[in-house]
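Make a model of the complete structure from these sequences and hints.
If you read the sequences in order, they're chains A, B and C. Counting from 1, position 381 in the first sequence corresponds to residue 381 in the numbering used here; the numbering is continuous, with no gaps. Counting from 1, position 167 in the second sequence corresponds to residue 167 in the numbering used here; the numbering is continuous, with no gaps. Counting from 1, position 120 in the third sequence corresponds to residue 120 in the numbering used here; the numbering is continuous, with no gaps.
Read the hints as simulated data drawn from the structure, not as lab findings. Even glycine gets a Cβ: it sits at the ideal position worked out from N, Cα and C.
When the alpha-carbon atoms are kept at most 30 Å apart in a straight line, the in silico BS3-like pairs for lysine-lysine are as follows:
{"id": "1", "chain 1": "B", "residue 1": "Lys221", "chain 2": "A", "residue 2": "Lys86"}
{"id": "2", "chain 1": "A", "residue 1": "Lys348", "chain 2": "A", "residue 2": "Lys218"}
{"id": "3", "chain 1": "B", "residue 1": "Lys134", "chain 2": "A", "residue 2": "Lys365"}
To give an idea of the chain A side of the interface with chain B (calculated C-beta under 7 Å), a few residues:
{"id": "4", "residue": "Gly74"}
{"id": "5", "residue": "Ser102"}
{"id": "6", "residue": "Pro105"}
{"id": "7", "residue": "Trp106"}
{"id": "8", "residue": "Leu115"}
{"id": "9", "residue": "Ala118"}
{"id": "10", "residue": "Ala119"}
{"id": "11", "residue": "Ser305"}
{"id": "12", "residue": "Ala309"}
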Amino acid sequence: MAKSKASMRWLTLAIAILMVMGLLIGCSKGNNESAGNEASAPPASSASSKETTAGSSTPEQPQEIVTIKSIYPGDKPKGLDPVLAKINEKLAADIGVKLELSWAPWDQYNNKIVLSVAAGEDVDFIWSGSSSLSQFAAQKIIAPLDEAMAKYGKPIYDNIDGKLFDTMKLDGKLMGIPSTGNSPLADVYHSILYREDLRLKYNLPRPDSVDNLEAYLKAIKTNEKEMDPITSNSAAYIIMKKFGPEDFLGGTGSSVGYKINDDRSVTLMPVQEMTSLNEANKKAREWFQAGYIPKDILNIGDVTSRLLAGATAMTNGAALTASEQQGTMSANVPGAILDNQPFFGDKKYIASNGGNALFLTSVSKHADKVVQFWSWVFSSQENFDLYNYGIEGVNYELKDNRVAFLDDGYTAFPGWMFKNMNFLRFPAGISDEYIDSMKKWDEGAEISPLMGFTFNPENVKTELAQVNSVWNAYSKTLESGIVDPQQIMPEFIDKMKAAGQDKILQDAQKQIDAFLAAK
Amino acid sequence: MNTHKYEHPLFPVVNYMLLTLFAALALIPFLIVLSGSFMDEKEIILHGIRLIPEHYTFNAYQYIFQQNTGLFRSYGVTIFVTVVGTAVSVLVTGALSYVISVKQVKLRDALSFFVYFTMLFNGGMIPWYILCVKYLQMKNSIWALILPMLVNPFYIFLMRSYFKGIPEALRESGIIDGAGEMRVFLRIILPISAPILATISLFYMLAYWNDFYLALFFVDKAELIPLQYHLYRILSTLNYIASATTGEGSAVAQNIILPSESVRLATTILTIGPIIFVYPFIQKHFIKGITIGAVKG
Amino acid sequence: MHTEVTSSTAGPDRKVHHRNRVAAKGRPSGTIADLFKNRSLYLMGLPGVLYFMIFSYLPMVGIVIAFKDYNVIDGIFGSKFIGFNNFEFLIKSRDIYRITFNTLFLNALFILFGTLFQVGIALLLNEVYAKWFKKIAQSALLLPFFISWVVVGVFVYYIFATDTGLMNGILTGIGLHPIDWYTHSQYWPTILTITYIWKWAGYGSIIYLAAIVGIDQQMYESALIDGCSKWQLIRYITLPSIMPTIMILTLLAIGRIFYGDFGMIFNIVKNNVILFGTTDVIDTYVYRSFQGSGGGIGSIGMGSAAGALQSFLGFITILIANAAVRKYNQDYALY
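See below:
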């Protein structure tokens, strides 16, 4: 009896010890990570800390080199370590900063940010789509930048239009920077990415109007049997400005549309009353029935790959996407040339701020250094090149003012963070005409009277979630022409109304009136 | 079990045919995945995955192995986590399940409810994350990959069911003979529980092997990244870059189409591979019958 | 963080060998006394209990987030309490009845047919006497478990695509009219159920097979001696013996009946609204509510509220179900 009691005690003691040990081990490793702000090596790049002078001097002089941390979305680019080391070398010398990065998969990125900040982890700045501004602010994840920008933000202001910063203000405080603001902005998503070489092959005019676009699609349908003329689940969205001046009011869950009148006043309407969208939907339906849009468009996977493989001639594509994809396109289909074509309305307005933003987290203790880092990227072509393309001669080289990547070894930070026309370099195979057309994209565009307006969702959170759900359910169906819009519109309108669309519209009207009056 | 003398002669034929049909239905998609993982991405996009592709290429596998040199290391991490995790899990789960299966334990229904309740209600990711990172300090610890999923209440109920079926007499005779509860458990109960032990071990093994979630949240250090998370990261990037139709995600400068479909298939194969080798060893426990009567003697 | 498995296992219900447990010989009853009397057992179970306390019950305080306007600075306890506001977007939605019905209906189909096939396959496998065939068949049947829903979604597309799909190829091949699968919602509960069965049959059958294998052979032998046919053996020995397993697994599934299988449905149906009538479940609806253009849509509290609602409804359901089962046969009940 005593023996078995002993063996039983021994076993449970063993299990208990095992668990406590586990906690202790976890504890000690955790302490090393979280406590060692300055002293710890960057994750997964302990080799680089031996290379940089910055790394080795860190523990002794915490006042000199400040480490700022960020979580980037995606996967760490292959071959990043030497580049990051060089960046840190220069950062240490220029502004006394060391950049430490960790990575989170795209689909978990927002999640991870919230969790990290909630648990009080060390994150100094984050990236996100600029439309995340109000959500982040509501969750108190981000902090105001006014002070730090006043001190160190000059290079940023020099390279991005000051008016765009208004779009990142809440309650008068600057809550983020529109980091890609200096890039084509007007109606930038009402644009296609298409095969220019095919246009030349069949002697077609540039698809810059709806009629010309139709001619192009018809030619492809007739002559290229293996290709789908256009693969897009939002064909109507692309061309809608050609049918009317109405566009979507951001932040309203796509439930409210607006148009800018000639006197620069703003009229709101429920999204189902947008002439532009309705007419465009009808056109998309025609195209679907003509066979220009594939039947299973809603369940086809990734459309850009299809374009790059030569399975289709056209898809959605914002400005600059042609240059970004040209390399892959040429490799797969020799001789293929990509181009972008926007579909502006009668008047061009700039309401977008570039779509990307960088934010300072509310738990950061290094606001100044963060802004200094951002400014550093825009301080010189040299810095910009180092950050975006790598080490010259090692990762890339410049030929005829075009960037040629030297090996698959290094894949650059994608352009979504600091894309800027003042510094941007284009890859080989891109014509000067294209670059010109990108630079001229915003020519003749007026700043929208709504620039700077951010819809405050406080009063209509519930309705927003509901309309968003309805919109996400119906939008692709309407915009891809897969169902006759006449059939499905009544249902859609009914649901939108039931979801509280009117309440949102009234709230938006109030907010806009206040916003415009304050100007 | 020798009941064959009494069968209708057609029965085994129908049986084999049905099973072959089901097995084929299960196997064929897998073979398609296998062949797809060796297909060129362009061909997949243009013609879809096929059972017998026109050209073979190792592109997808190359891409995976090139992405991060840590792939072999991650196999090591995963193996450690799986072996240790499974062992501790089966032990802890088995012990608790057994306790709530014994009729003599008055609290067994209460404990069962205690366990079951956790399957229903859950506070969400935020408090769980804060607990593990802030209070338990589990960030970047190998135990972060094991402890949070140590016990699955589902398996507790599976084992409890099985233990309930073991006659009380067995346990009682052990106690009467002077053995302690632990000894009875280890020496008498477990040896005749091979089927359920094998089942639960297999399930835990699969769970640990397949998990990327814990690494996603708790591991930054490259040395601790398990296999699935490694593969998941590769896929996640590909998914996003490939699906981005707006300016918010631009392709990186590579001269091949990002092999997203074929990589996805290749990761499936890389995941299954090792398990298929282990499985046959466990299978025999589902195949042998046991006779409790013999053990009793 | 817990995997969802659909099948069950059990040891045989050995009613034949049950004996009434003789009351403890003269020792006092009551909880404290029981704790003391069975202390070795309770100690054995302690690690498991500790696990649940730490990793399940401690974080459970987070459920209050469903009732708060949560932000990361004020945290779980400091954020403002707003009652049931977070639940409104779901409860007041026009679609709430449809998505709830779909969730319950689809889950019921899955439980019913899933169990049927898993038990069936286990029974069939058990009757095979060629070991090599058994092993190979089992291995093959387990493979679908490993194929992620993303890949399965692609397969379903290959089969049901309008122009290039396998099904339509077969239909036209035998002279029938091809069907536009992706634009007609009535087919999809069936398609989803078949897919579900395909994914889990192998995995689930393992559990039932383990249970069957654990049945004492002597019972069969004595029955055979009495001249029973194969069907009688299955009906009177095998099935009753694994009934506790079947019941437990069914009950476990019922507790989760308000949770839709997001991974499966999202990857197969994707954004095809035409199919939503029969396939949209609570989880996909909630996901859509927060997806996309950002701008303040979706708060942590609202997501939490949806989950809390699903948990609560499941809880009520299982209370009723378990109580009912318990009346019928105590051994079949969960607790």
